[in-house]
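Participant: Here are the chains, one letter per residue:
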Amino acid sequence: MNGAPPGEDLPDDVDEHYRRASALDPSRPSEALRRAVLRQAADLAAERTARQGITPIDSTRPAPSRARRRAIFGTLAAAALAGLLITPRFLTHYASTTAVSPPPPVSRPKAAANPAANSLADAPTATSSPEIGGDKPSAPPAEARSMAEPPARSADASHPDAAAQGRAAARSAPAPMPQAPPPTDPAALRRAAEFGDIHGLQTLLEERVSIDGRDASGRTALMLAIQHGHTDAVDALLAHGADPNAADAHGTTPLEAAVAANQPAVVAALRRAGARAR
Amino acid sequence: MTVAGDSDETLMGRYARGDAAAFELLYRRHEMRVWRYLERNVRNRATTDELMQEVWFAVARDALRYEPSARFTTWLFTIAHNRMIDSIRTNRRQLSLETLGHEAESVVQQLTADPSLSPLAAAVARDQAAALIQAVEELPPEQREAFLLQIEGELGVEEIAAITHSSFETTKSRLRYARTKLRALLKEYA
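Quick note, the sequences are listed as chains A and B, same order. Mapping of the first sequence onto our numbering: position 186 corresponds to residue 186, and the numbering continues sequentially without gaps. Mapping of the second sequence onto our numbering: position 147 corresponds to residue 147, and the numbering continues sequentially without gaps.
Same shape as in the complex, but just chain A (with noise of 0.2 Å):
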């Protein structure tokens, strides 16, 4: 069957069988064990840093005091009103210095014939704060959207009411898409998925991240979790839509590996999601 002689150190489907064979496997240290080693290290971690004097770094720990808080955020407010106060005049500034010729009246954006637009296009707090509430929330403001433009429209800017106007146009124009934030890893779900990081997981969970994304031995994040034992982590997957019934490589199903797992709660869950045996 296997045709590598002895001497050769190809991977075969040996370590295959074992891992799956592992994973079957339902024998695993007590909780009682677990509970008494973190205890362990946790005990340890206190008298280290006390004895060293340094401020432990927990993720539990109580955020900065109210104090350092109010000036952390004083210090951002001025500094967005500055830049909304400024980047206007300098914007309009610098559309009168780099001008090169006024264009056509017959060029002129139809936007800039609508005098609501013109009054709305003059008005600072419309330009110039973001679109709440709007159905384009993250869409920068126009200022900001013509600082990325083409000189073309600099040009524009050179008529009397060219600034407003080309500012009418672009925000008449469609807004350009959303940038989407980038995927999430789908190996970062299945590694919490594996450790039974309940927390990590669903903060995973709740950005763009392929639920159902595979391992080299096509595996799910649900189908490690259920091989881990990690119950939460199986329910929090099945309640944002993982697919009960994704079998890895092997063809072994969530319902398969629960069962084998002697794991009857993983498998009354899987059973309400629509799990189905092969």
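Take the hints with a grain of salt, since some may be wrong.
As the list claims (entries may be wrong) - In silico EDC-like cross-links for lysine to aspartate or glutamate, where the CA-CA straight-line distance does not exceed 16 Å: (1) B:Lys181 / A:Glu206; (2) B:Lys172 / B:Glu154; (3) B:Lys187 / A:Asp13; (4) B:Lys181 / A:Asp235; (5) B:Lys181 / B:Glu137; (6) B:Lys181 / B:Glu154; (7) B:Lys187 / A:Asp15; (8) B:Lys172 / B:Glu159; (9) B:Lys172 / B:Glu142; (10) B:Lys181 / B:Glu142; (11) B:Lys187 / B:Asp127; (12) B:Lys187 / A:Glu16.
Stated by the list, open to error - Label pairs and their in silico Cβ distance ranges: (13) B:Arg89 / A:Arg271: 43 to 51 Å; (14) B:Gly156 / A:Arg39: 30 to 38 Å; (15) A:Asp185 / B:Ala184: 34 to 42 Å; (16) A:Glu206 / B:Ile88: 44 to 52 Å; (17) B:Ala46 / A:Glu206: 37 to 45 Å.
In case anyone wonders, no lab produced these hints; they're calculated from the structure. For every residue, glycine included, the Cβ atom is placed at its ideal position computed from N, Cα and C.
Knowing the structure of chain A, use the given hints to seat chain B on it.
Facilitator: Chain B only, in chain A's frame:
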């Protein structure tokens, strides 16, 4: 903040600086690998429990001595290997499958099939798993350990050679023989 994507080495650094959550993540990440390495070598549940605790206590205690230049898993499995050797030397009990027949049997029995599942599918999964675990346990100790260090610890030949105080060629040869034997044993169940 400790996150699931942090490397082992980063987590160790964080734990050494007092982040208990980093240790927990590390433990959960490698718990089953260390467990299977120990259990399949010593083949005794009580001894495995004892060793497991000793290994992780040592990791927690010696966190400050850990050099990030070395891979965490190499360090972890070196500790596991040393503890296991100490235990064997102390107890001098290389248990046979017969002496823990009930444990070996329980592995098979615990792979309980759901009555509504296909009995054939459940039986195949059960038999394959039990056969391979038994096959690994029946390997000669040196081959078994080299194989488990490689597959559970994901260590390279050089790292295994260093941990087991063997030459590179000897280790390579043990791994080769282990896989050849496992393949032969598996064929009997095919």
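Participant: Are the hints correct? Go through all of them and say.
Facilitator: The hints, checked one at a time:
no. : hint                            : verdict
1   : B:Lys181 / A:Glu206             : violated (47 Å)
2   : B:Lys172 / B:Glu154             : holds (14 Å)
3   : B:Lys187 / A:Asp13              : holds (12 Å)
4   : B:Lys181 / A:Asp235             : violated (40 Å)
5   : B:Lys181 / B:Glu137             : holds (12 Å)
6   : B:Lys181 / B:Glu154             : violated (20 Å)
7   : B:Lys187 / A:Asp15              : holds (14 Å)
8   : B:Lys172 / B:Glu159             : holds (11 Å)
9   : B:Lys172 / B:Glu142             : holds (11 Å)
10  : B:Lys181 / B:Glu142             : holds (13 Å)
11  : B:Lys187 / B:Asp127             : holds (13 Å)
12  : B:Lys187 / A:Glu16              : holds (14 Å)
13  : B:Arg89 / A:Arg271: 43 to 51 Å  : holds (50 Å)
14  : B:Gly156 / A:Arg39: 30 to 38 Å  : holds (34 Å)
15  : A:Asp185 / B:Ala184: 34 to 42 Å : holds (39 Å)
16  : A:Glu206 / B:Ile88: 44 to 52 Å  : holds (48 Å)
17  : B:Ala46 / A:Glu206: 37 to 45 Å  : holds (43 Å)
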